[in-house]
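With these hints in hand, go ahead and build the complete structure from the sequences.
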Amino acid sequence: MKSKGTNHFRSIIAHIVLIILSFMCLFFFYILFINATRSHADLQKGFSALPGNYFLENLKNVANDGTFPMFRGILNSLIVSGCSAAICTYFSALTAYGLYAYNFKLKKAAFTFIMAILVMPTQVTAMGFLRLVTNMGMYDSLLPLIIPAIASPSVFYFMYSYLQSSLPLSLVEAARIDGSGEFRTFNQIVIPIMKPAIAVQAIFTFVGSWNNYFVPALVIQSKDKMTVPILIATLRGADYMNFDMGKIYMMILVAIVPIILVYLFLSKYIIAGVTLGGVKE
Amino acid sequence: MEKKHKKIDYAKWGYLFILPFFVSFFIFSLIPLVDTIRYSFFEYYRSGIKEVGPNFVGLENYISLLGSDMLKYTGNTMMLWIIGFIPQIVIALLLAEWFVDARLKIHGTQFFKVVIYLPNLIMASAFAMLFFTMFSTNGPINSILMSLGWISQPVDFLGSVTGTRSLVGLMNFLMWFGNSTIMLMAAIMGISPDIFEASELDGCNSVQRFFYITLPQIRPILAYTLITAIIGGLQMFDVPQILTNGQGTPDRTSMTLIMFLNSHLKSKNYGMAGALSVYLFVVSGILCFIVYRMTNNDDPDGSKAAAKKAKKQRRG
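From first to last, the protein sequence lines stand for chains A and B.
Take the first sequence: its position 279, counted from the start at 1, is 279 in the working numbering, and no numbers get skipped.
Take the second sequence: its position 35, counted from the start at 1, is 35 in the working numbering, and no numbers get skipped.
In short, the hints are calculated from the structure, not lab data.
The model shown is predicted, which means the values in this text are computed figures rather than measured ones.
Please note that a few of the clues may not be correct.
[Unchecked claim] From chain A, some residues computed to sit far from chain B (all C-beta separations above 12 Å):
| hint | residue |
| --- | --- |
| 1 | 105 |
| 2 | 199 |
| 3 | 225 |
[As the list claims (entries may be wrong)] Derived DSS-like pairs (lysine-lysine); straight-line CA-CA distance at most 27 Å:
| hint | chain 1 | residue 1 | chain 2 | residue 2 |
| --- | --- | --- | --- | --- |
| 4 | A | 225 | A | 60 |
| 5 | A | 225 | B | 268 |
| 6 | A | 225 | B | 266 |
| 7 | B | 12 | A | 105 |
| 8 | A | 107 | B | 12 |
| 9 | B | 12 | A | 195 |
For every residue, glycine included, the Cβ atom is placed at its ideal position computed from N, Cα and C.
Shown next as structure tokens:
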């Protein structure tokens with residue numbers, strides 16, 4: 001009976017802590033949303049818990065701002081993140097399948113190599129990368145933000161683990177007997193089987209690329225090619241105190257809203273996907 | 001014979017399929033790495049429009065980095081990381097244990113999971129910009145605190161060392177505790193329920209259960225979380241960069257190593273940037289090796305190897 005009482009007490013504590021933490025997570029977004037709906041003059045008067053009616057006005061101001069082309073930035077970010085997610089998942093799946101389904105001399109070496117660089121930070125090669133991109137004539141273009149996504153060790157590892165658990169090699173053998181070419185087998189049999197893994201990794205790659213700031217900030221120079229994080233950084237660097245605060249909150253809001261929308265629809269899959277890429281049990 | 005012939009035939013497909021990965025890696029990571037290491041031995045920078053170098057100077061860049069503020073920035077990076085990481089791992093362990101414990105009957109588990117994971121997906125730079133505006137002297141946080149009567153005049157959070165570091169720590173905490181909770185939860189759920197049942201029959205209370213069963217059982221995943229968090233901490237950039245506009249204010253106490261690297265890259269001081277990158281490469285190389293051992297062994301924390309060694313010694 002005593003343990004039942006303590007459990008009840010612990011349960012109450014747990015709920016209180018969870019509510020406080022959730023409040024902390026949501027409170028900042030609540031302030032952001034409220035302030036994005038208020039005018040500059042209102043914001044100067046202090047904080048109010050209720051939204052104002054300047055939402056559309058602020059949105060219009062952000063859309064028409066030539067110094068911070070936010071919507072152009074969102075378009076650029078969509079292009080970069082979308083393309084990165086597509087080629088990253090496709091080529092990671094291809095690499096994983098190549099190492100899983102075939103036997104060749106360098107198989108072990110190739111696998112070991114990828115595992116060795118699994119968590120290597122990209123920043124350590126940033127200097128050479130910047131020089132390489134400049135020499136290749138790709139400075140100030142979106143391509144160097146997309147193409148390197150082909151080689152993503154962690155996505156590869158996820159795909160490889162998934163193949164191990166869900167692709168029996170007898171299926172590949174059966175496809176061969178039916179006369180399917182190797183490449184066709186991959187595209188028409190393996191890819192459909194890997195759909196769940198591809199979906200999860202596409203989301204994570206998309207989000208990662210969308211939020212990436214370090215590399216784009218080095219490579220992109222001109223305003224019409226800037227992605228959203230660079231625009232936010234430029235906003236921070238500008239003479240900010242003279243700005244319309246309502247507009248600033250709106251800019252931050254439009255920078256994070258696309259991801260929040262994606263998350264609201266796919267949260268179940270995203271949360272399930274977090275652990276799948278983790279450690280091999 | 002027939003079968004062996006087939007295998008050789010298929011091998012070329014294996015090579016073909018992994019080719020794009022390795023070509024891309026070779027061009028965009030390996031060549032830059034070699035280039036970075038090479039220039040770390042050169043004096044090569046730009047002052048104004050004049051380009052100096054490249055002149056070979058041996059280890060001079062490495063030595064002058066040690067004499068510069070690099071060590072201070074290393075300390076800053078560790079400090080900022082610890083402020084965020086300690087509460088993060090403690091809260092994550094606590095929440096993971098609670099979520100898994102059926103006796104607590106937590107309501108709305110799915111809702112809480114969705115909410116606490118949310119900040120992990122938010123653009124770090126936008127999040128930092130939001131904190132900068134909110135915690136500025138005329139921002140909403142000060143306005144709320146004043147209307148509650150807790151303070152009489154605005155607090156300059158970003159003007160003090162403690163304030164800035166705490167804000168960076170708070171942001172890192174908020175962004176990562178949900179992720180850690182979900183990782184550790186999966187680890188705890190992987191423990192055989194028999195162990196918990198046995199402990200309950202033996203009269204084990206929840207505190208004992210946590211320290212003597214849960215913690216030792218999830219040690220491999222805990223170690224993995226720790227190492228990947230250190231690697232993440234080493235890369236800390238977006239949040240302090242945007243919050244302090246790349247200055248690491250006040251008095252460069254929130255300047256991290258990658259911010260230092262970024263400022264060298266922006267000023268085109270390739271020699272110094274190269275040497276700094278090599279330092280970072282060596283450290284992350286060691287951490288990568290530890291992760292490699294963890295993910296490729298069935299003995300991730302080295303306990304089995306240690307046992308084997310001890311056995312050998314006893315025998316020998």
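Quick rundown of the hints versus the structure:
Non-interface status of residue 105 (chain A) relative to chain B is broken: a Cβ of that chain comes within 12 Å, the nearest being about 7 Å off. Distance check on residue 199 (chain A): its Cβ is at least 16 Å (rounded) from any Cβ of chain B, clearing the 12 Å threshold; non-interface status holds. Look at residue 225 (chain A): its CB is around 17 Å from the nearest CB on chain B, clear of 12 Å, so calling it non-interface holds up. For the given pair, residue 225 (chain A) sits about 21 Å from residue 60 (chain A) by alpha-carbon distance, which is consistent with the 27 Å threshold.
Taking the CA atoms of residue 225 (chain A) and residue 268 (chain B), the gap is near 21 Å; set against the 27 Å cutoff, the hint holds. Using a Cα cut-off of 27 Å, the hinted pair residue 225 (chain A) and residue 266 (chain B) holds, with the two alpha carbons roughly 18 Å apart. About 10 Å separates the Cα atoms of residue 12 (chain B) and residue 105 (chain A), which keeps this hinted pair within 27 Å; it holds. For the given pair, residue 107 (chain A) sits about 11 Å from residue 12 (chain B) by alpha-carbon distance, which is consistent with the 27 Å threshold.
As the CA atoms of residue 12 (chain B) and residue 195 (chain A) are separated by approximately 26 Å, the hinted pair is consistent with the 27 Å bound.
Going through the hint list in order, the structure does not satisfy hint 1, though it satisfies all others.
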